[in-house]
Amino acid sequence: MFAEQHDEKLEEVPIELLSKGRALADRLAVPLAAALLGNGVNGLAPRLIHYGANRVYLAEHHLLKHYQTNSYARVMNELIHQYRPQIVLYGATATGRDLAPRVASAIKAGLTADCTDLQIGDHGSANGKTHKNLLFQVRPAFGGNIIATIINHDRWPQMATVREGVMPAAVPDTSRRGEIISYKPALSAADLAIEILEQHKQARKVNLKAARVVVAGGAGVGSRENFRLIWDLANALGGAAAASRAAVDLGFIDRDHQVGQTGTTIRPGLYIAIGISGAIQHQAGMSESRKIVAINNDPDAPIFQAAHYKIVGDLNKLVPIMTKTIRKRS
Amino acid sequence: MAYNCVVLIKQVPDTKRITGKAMNDDGTVNRAALPAIFNPEDLNALELALQIKDDFGGRVTAVTMGPPAAAAVLRECLYRGADDTVLITDRRCAASDTLATSYILCCAVKKFEYDLVLCGRQAIDGDTAQVGPQLAEKLGITQITYVEKLLALDGGTVTVRRSIGNGWQLARANLPVLLTVTSEANEPRIAAALRLMKYKNARTVSEITREAETANEGLDDDRIRDICLKRVDELQTKGLLINQWDLDTIGADLKWCGRNGSPTKVHRIQSVVLAAKDSKRVEPTEAGICAMVHELIEDKTIS
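Taken in order, these protein sequences are the chains called A and B. Each residue of the first sequence is one higher than the last, beginning at 471 in the numbering used here. Each residue of the second sequence is one higher than the last, beginning at 292 in the numbering used here.
Among the clues, some could well be false.
[Stated by the list, open to error] A few chain A residues facing chain B, derived, Cβ under 10 Å:
no., residue
1, Phe606
2, Val683
3, Val782
[Unchecked claim] Okay, derived cross-link-like pairs now, DSBU-like style, lysine-lysine, Cα gap no bigger than 30 Å in a straight line:
no., chain 1, residue 1, chain 2, residue 2
4, A, Lys794, B, Lys571
5, B, Lys591, A, Lys787
6, A, Lys679, B, Lys307
7, A, Lys535, B, Lys491
8, B, Lys521, B, Lys489
9, B, Lys571, A, Lys798
10, B, Lys401, B, Lys556
11, B, Lys402, B, Lys546
12, B, Lys546, B, Lys491
13, A, Lys578, A, Lys679
14, B, Lys591, A, Lys761
15, A, Lys479, A, Lys654
16, A, Lys787, A, Lys798
17, A, Lys798, B, Lys591
18, B, Lys529, B, Lys344
19, A, Lys679, B, Lys571
[To be verified] Far from chain B, by Cβ distances over 12 Å, these chain A residues were calculated:
no., residue
20, Gly513
21, Glu530
22, Val636
23, Gly692
Worth flagging that the hints you see were computed from the coordinates, not collected in a lab. Please read all numbers here as calculations on a predicted model, not as lab measurements. Even for Gly, the Cβ is constructed at its ideal location relative to N, Cα and C.
The whole structure should be built from the sequences, with the hints applied where relevant.
In structure tokens:
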């Protein structure tokens, strides 16, 4: 698995990949290795081992300090050819989705985008032959209306990018021991095709994934001003405010707050959907919440199929009642 | 200095308008029940190419791979200002995954002299965002993905602002480059009325043949072939012929096309059934809400 790091800090997605990767490697009885590329990142290698890697391929070079497509793709390509993994996983982040297809195209390997689950299984071909222990690459397609299981049985290696936030993060175990294998890439300035003139990172203003309670509003909330109802309820519950894509597109709230297929996937203890019709794309991001409450004035809204508590009525009247009730609880 | 742009377009089923009829009983997609549309972010890629042409000159060539009906999106490109259009259509393209698609597009794009290749960030049917980077690798050119804004085009270099997920960066690269363009980049123009009047008559050879067969039912094949040839000549003279290429035209090696060229295969497709949960209807009253909140506190959902 590709251990994505920026500014010498490990991202969250490699920690998720290590937990799934550990399970797949155990099932296949093979080692799990992390490819760690960067400059001055050797301090991250023991953490990758604590999170489940048996080996870390550590490729350090001053030209790998900042992520760039060509330099990183070249080193990944070399590592894959040298160590010949059966399976290569990347996080489906902006970086992973830039890198993985470039690598796949160079080595003429298959690549499945944005997987939400990975399993090991057997596949019977049309010619009656059974391919054993393949990587089942499970992903939604057609805007979330179908779930496709993709395989790659005749071309090495099997590669996939994995959605952020859909696999539980690995739990670190500091007693784990592993091997750190240094790889010396031979890069030159010619491998840096892009000049990065300026970079600006926003700290994520909201961390929907960490919230135990999420209150989400949809187009039905009506306006940015009226979204105050959502914020108030979220505050009363000590939770986070979120939104459907429609509400974000209408400018009611920033895109960081978007839940669904093209936003964040979350599984909080409580999800309250207000004025959200519940298109399948939205449900893809929240249907695994432990408890779901839906408020909508349309009794046929699809969100009610996902809800544990269904409230048909006017959100403008009902949400303030709920906020008041919750504020009174203590 | 003028810049030549090749824009890659995809006609896609409108996945936002999926209804019950869109899924077959066996869980496969009934494409016939879905309207086919211009992939939204490809319109942003086209707009960027047209703005480059407006500012600096050069030619805009739109290329799509798809069934004969995909000529419709090429006409849309002509209405908005594209100079040339190419439809790559061939039954042997069927079942191409992203790797095979990028190979076929590479064979086609290599036929042109270009400074920039532009595509939408991703297509709404697969949402993979893979074909752009895979194509850039095959063309051996630099890729810049998630372009939100073109900042400068200056002799041999391009400068853009690109999204990096939780922020942005300003990146500069030497031409030629491949850019994948997001919906943030611009507001695509609408079809120009005069161009629409002219190019609504633009046709591919497949379309000319089908129309000739329908209009001249009963005539023998030779006669129909003559009618077609004449019509092709006529449209070519008027600049209304949409180029139609097959895998032989672009010199593609069949080993890398279609099913043979696609490492990824479908093992199983499941239609998403939204599971009805063990659920309760709550009265939309203060008492109903109080009871529900009480339950959520009891089972420790709310602390």
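Query - Those earlier numbered hints the structure runs against, lowest number first - result: Hints 7, 12, 13 contradicted; others consistent.
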